[in-house]
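Student: Sequence:
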Amino acid sequence: MSGSSGKGEGSGPTRLSQVGTDTVVAVAVDRAGGAAVVRADGSDVLIEPQRLALELGEIERTEHPRWVWWSIDTARTLVDLGVRPARCWDLGAVHRLLHGGWRADPARVWAVSRGLDPATVPERARVDLFTAEEPTGDDPAVRPDGHLAIEWLDGGWATDLDALRRHARLALDVYRRQSDALDRLPDRPGAPSTATSESAAELLCAELEHDGLPVDVDEAERIVGSFVGPRPDTAEDERQRIHDRDQQVLQNLPAHARDDLDLRNPADVKSLLRRVGIEVPDTRAWRLEQLRHEHPIVAELLRWRRAERIATTFGYRWLDEHVDRGRLRGAWSGADGAAGRMTATAGLHNLPGELRPAVAAEPGHVLVRSDLGQIEPRVLAAVSGDAALVSATRDDDMYAPVAGRLGVSREIAKVAVLGAMYGQTTGRGAEALRGLERAYPTAMGFLTAADVAAQGGRDLRTVGGRLVHLDGSRHDGADDRTERSRAAARGRFGRNAMIQGAAAELFKAWAVTVRAQLRELGAGEIVLCLHDELLVHAPETRADHTAALVDEALQAAAARWQRRIASAVDVRFVTDTAVLRRWSDAKDPLPLPR
DNA sequence: TGCGGCTATTG
DNA sequence: CACAATAGCCGCAG
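Each residue of the first sequence is one higher than the last, beginning at 1 in the working numbering.
Among the hints, erroneous ones may be present.
[Unchecked claim] Computed Cβ-Cβ distance ranges for the label pairs, DEER-style:
#1 D237 / A548: 44 to 54 Å
#2 N350 / Q248: 41 to 51 Å
#3 Q517 / Q251: 54 to 64 Å
#4 T23 / V452: 41 to 51 Å
#5 A388 / I242: 56 to 66 Å
#6 R481 / R519: 20 to 30 Å
#7 T426 / T120: 41 to 51 Å
#8 D395 / Q424: 22 to 32 Å
#9 D139 / D324: 41 to 51 Å
What the hints contain is simulated information worked out from the structure, not anything from laboratory work.
Values in this document were obtained by computation on a predicted structure and should not be read as measured data.
We put the CB at the ideal spot given by N, CA and C, even for glycine.
Turn these sequences into a full structure, and let the hints steer you where they fit.
Tutor: Right, dumping it as structure tokens:
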């Protein structure tokens, strides 16, 4: 599948508009204005707003197309309408894959797809000064200089059907160009496959935002209350609570020393500790933990920190803001700016362990929790093609054979492997690192190559084709030592991005495979993605079925993902899957219903 | 009001 | 206390 672009008429390449055997249609939709669907053969369907759900649903059922759209905004609108397509192509997501970075607004995606300098993309304010530059060409959405016209520039989305049809046609044009670019990417034969799974992941994000994570609100309130007391009735009440909690710590000091001490100010905490004879370079919890027995105020302080954290970040205000009708909802992103992991707001990705009992299946349902075991070292074996490391992945615990080969304990082997992937050069794993170099030279060479390239400020690409941009610019006035430390940091970042990024691609391939199969079988819905862990909310009666589906989906996704790698290898990936009532029940799973 | 530093949580 | 993320509060510069 190479990009033989035929003779072009006008400007665009005329490559066949298909991914595999997919039928491709572009869609532009606006809830108030309707939708335009444009097929690859140029035919189109215009849909009035009141018939959106009906007709879009009908196209999905009868044509089963791959839907092309500009960004996750379209996915959100469709999900909102109750339309959940099986397959899609998200121009914004593919743009980020091909070109890196975070910004993927239509004006930018369009410009870059046509080889225009993104720095010349006009901004709204500038365009206003040059109204003479209003579109005059064949397509009123495209300016004479090749950039998208004013209607696109500030998120403005024209809502009449003619404009929507133009948006869809232009989307199809960008799709063809992106598809070509992916086919031509050197040494990344899997890039087109990454593009479709990254697109589906973006759609999954829209669904996660819509569906939310099931929360037992009473339990959540109970847990928050156990840290910070009952809900304050008034603002004054709340201030009093905060004061009381502060005094609980400060009463350990003589009265005259309590004033002017702010527990929220690290410098004040240092001087507080100095008063009781404790000198510390910083006041982080792990450091204070070791001094717990030195003075009673240390334990009080740690307890205060815990409560303060719940009160400020995961307290009643957090519940009120993010939990609605029993679901915790946040904004999801399919790929962060660095290596391409999914991200989420509203605490979905950093919920403290104490709050996990509040994440619970609804009546008649269960949570199927599944996580990938040792995903990063397994991914390292796959992307580097290191035969010895690949054979270590046959073990359920791949650190065991590594430890055996190195002649060190499992713990040391683990620290060394993780250290190699993070770029650690000192500490306990440092000596074992030399052993790794001898035993797994191909894997270590892969990491070193990424490190060296990144130190030099050269951009990298993950095995799936994601561009990881590195800023190699020198800062004026930075001395040699500073510059060396910046280069080293870039090296660690680049080395890790190749692993974390590839792992994120595998994870998303798994997640969207699970999504597709759940959809077909009505066996539940994904409610959380957590880097290497999936949470599926499933009907109780399908619990064992759903658990099996999740495991089988990994094998299918991992096989497809490995076929993306030029030096195809056979790494074993493993899951740990359990059926639970509450997220916290991981240690005590439900027996599967017979 | 915006930003860097510090802190805490997660994978 | 390496790699990544979100998020709160504080002090300080503008």
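Student: With reference to the structure, classify each hint as holding or not holding.
Tutor: So, going through the hints one by one against the coordinates:
no.	hint	verdict
1	D237 / A548: 44 to 54 Å	51 Å, holds
2	N350 / Q248: 41 to 51 Å	26 Å, violated
3	Q517 / Q251: 54 to 64 Å	58 Å, holds
4	T23 / V452: 41 to 51 Å	45 Å, holds
5	A388 / I242: 56 to 66 Å	57 Å, holds
6	R481 / R519: 20 to 30 Å	55 Å, violated
7	T426 / T120: 41 to 51 Å	46 Å, holds
8	D395 / Q424: 22 to 32 Å	24 Å, holds
9	D139 / D324: 41 to 51 Å	42 Å, holds
Of the numbered hints given earlier, the model fails hints 2, 6; all others are met.
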